[in-house]
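Undergrad: Keeping their order, the protein sequence lines are chains B and D.
Residues 202 to 395 in this note's numbering are what the first sequence spells out, letter by letter.
Residues 4 to 529 in this note's numbering are what the second sequence spells out, letter by letter.
Just to be clear, a hint being listed does not mean it is correct.
[Unchecked claim] Some chain B residues close to chain D (C-beta under 8 Å, calculated; not the full set):
| # | residue |
| --- | --- |
| 1 | Leu211 |
| 2 | His263 |
| 3 | Leu265 |
| 4 | Leu266 |
| 5 | Gln269 |
| 6 | Val274 |
| 7 | Val275 |
| 8 | Arg289 |
| 9 | Val293 |
| 10 | Phe296 |
| 11 | Arg297 |
| 12 | Thr302 |
| 13 | Gly335 |
| 14 | Glu358 |
Hint data in this document are derived by calculation from the structure and do not stem from the laboratory.
Note that the Cβ used here is the ideal one computed from N, Cα and C, for glycine as well.
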Amino acid sequence: MRVGPAPKPLRMTNPTVGTGPLGGIAIAPGSPGNGDVLAQRQVLVDGEPSSVSIRRLGGGRHVLLEAQVASRVVIEPETRGESGTSIREVLVDGFRFLVETEPERIAALRERATKGRAATAHLGPLQVKAIIPGKVVAISVGIGDTVTAGQQLLVVEAMKMQNELRAPKDGTIERVGVAVGVNIEIGDLLVVIN
Amino acid sequence: MTLEPAPFRRVLVANRGEIAVRIIRACHEMGMEAIAVYSDADAEAAHVRIADRAVRLGPPAPAESYLRIDLVVAAALATGAEAIHPGYGFLAERAAFARAVEDAGVVFVGPTSDAIEAVGDKLNARRLAARVGVPSVPGTLEPAPVDHPDRVGELISTARRIGFPLLVKAAAGGGGRGMRRVVHEEDLAAALVSGSREALSAFGDGSVYLEREILPARHIEVQLLADHHGNVVALGERDCSLQRRHQKLVEEAPAPGLTVEQRRHLHQLAVTMGSAAGLRNAATCEFLHDPAGNFWFLEVNTRLQVEHGVTELVSGVDIVREQFRIASGRALSPEVIDAGNRASRPASHAIEVRLSAEDPARAFAPTPGRVGRWTMPGGPGIRVDTHIEAGDRVPADYDNLIAKLMVHAHDRDSAIDRLRRALDEVEIGGVQTTLPFHRVVATSDAFRDARLSTGWVEEHWDGEAVRAEAVRRALLATGLASLDTGGAPAGPATGAGQVAGGAQQTQGRNGWRISARTHGADRWPS
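Can you make the complete structure from the sequences, with help from the hints?
TA: Printed below as a string of structure tokens:
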């Protein structure tokens, strides 16, 4: 089994706004909510105007009504994230997401930093970190080995399954941070590829 | 019906999770005391909470706790348990465990150690099937010589005869562990080595063999009950075709679309295998059903199955209760004989979905963690077997099944309607589960039309697309809800369900602040 990167929170810049793209959706200013209807907006979904409303049911439960289609959404109370962001757990269609809302000032800073990183990302060494806790049962590479993207690096056993970790890019193995038999936690450094 | 005395006074349940809870409940219904065992990861787990007594086994690692035969048997002797129920998984199909229990003078709730040995090894079972004329999936009957590089040529010619793609399977296997699919001849050697390695680590036995991949095929299995008086009864069959990585996701009883004659034939094949193997207690005979209508014997499971509940709902038999009765030497109850006679003409339908801590949009990768919000459905025709409540931890050390949701109705269509309704009521926070997948199954035309196959998940489940739509709605809903609660993230924490307050209404010109930029981004996969 191939496992991709661990899910990170969805990120949303301060949503207390009027117009602008929201995950491909434009929200136009509209009438403020009344009663239990929290918000009613005209939105553009794939360029088509549509009416969206959200209604509070209590206990974190909401009904999202979009183009006459209702879906149940649970929005849990927010918790404080790092550097002024707030994080809410949101349950939709059986999925759970962490929606991280960040103030605009921080979003702008982060975007600048990301742009700077993107320019140099293909050059520097890449640290491959554990995304599931488990036990290392096999290591297929050693320091100095040349690897190509998709090549197996090591095998981690978690929840009775063996998960193959593959190289995310071409490069040379600069460091192997674990040994066979070692128990690893999320975030532990496994391999460095340069 | 007359009240019969409890089969045992005290029973040790050598398992954890939902199945330990299920068995302890049966003990209590039958007037038996239940002793739980636990690892340090489960000191406050549900099965410990509801048992009459609990014995610590050791650290979280299964090899140091739930797999320690000596400790489990010692716990039974120390607490005066007269019988041990192994559940499924862990030691349930280890002949050495059954033998140790027998040797300690305690009753093992399951087949004898000899019978477990005879069919627990899939190669043994395949040879037994050949002897009694039950057709098994074409393949080899002896272990592949993994440690003999000189015999690779012989192996490859055998593989060619079976045909590619084929499966490398663990003789001691179960749940797809040690299994490898091989499409190209040149990949065979590597698959044998890695399959054997996984089998060795999972079962302590690295024997692997080759089997033809039958695809498309349906996975259909027959529930057997057998007593010590020569009665072997098929309670009915289950269709468990919806699988990922050879682990079942959805099971239903009966298997849709079979004729009465097909059912009789299938049940007879299973009874033949059960009788030939000298099985006692509960067992399951698994088959592949190909589009031509053939049933190919796959393996025998000498234990209670995860999905036994759907058969209980349709047959009206409490299988765990019968297991205890059988283990105490009683003959199968008249209800069981009666249910066996009706098994080819089932009168209702049941479906089970496995809610597991895994991300269905990320190749069903495990997602251990702490459960947050936890709401299970109720109402007519619903059964939920679980060990979880809000705030419980799902440890990374064990199987990730957290709940079995079963629905029962007079026919399959009504059962699917009920399943869809029940899934709408489910709310699980804290860990990602297979819930999105099951919601798609319950509304799928292919499932409704009973177009079932072991390749169903690959054909009908596009996890990334389903997730992307959910992401869109999550951002939209959160954005909208925040707008009118004035949920300025840097401000004081506001309950997400708060109605727009007057003060915040006046904050912006139109009741909310205007900003030049906003966006929502799904940072997965980054």
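Undergrad: Hint by hint, note whether the structure agrees.
TA: Hints versus structure:
no. : hint   : result
1   : Leu211 : 5 Å, holds
2   : His263 : 6 Å, holds
3   : Leu265 : 5 Å, holds
4   : Leu266 : 10 Å, violated
5   : Gln269 : 14 Å, violated
6   : Val274 : 4 Å, holds
7   : Val275 : 6 Å, holds
8   : Arg289 : 6 Å, holds
9   : Val293 : 5 Å, holds
10  : Phe296 : 4 Å, holds
11  : Arg297 : 6 Å, holds
12  : Thr302 : 4 Å, holds
13  : Gly335 : 7 Å, holds
14  : Glu358 : 7 Å, holds
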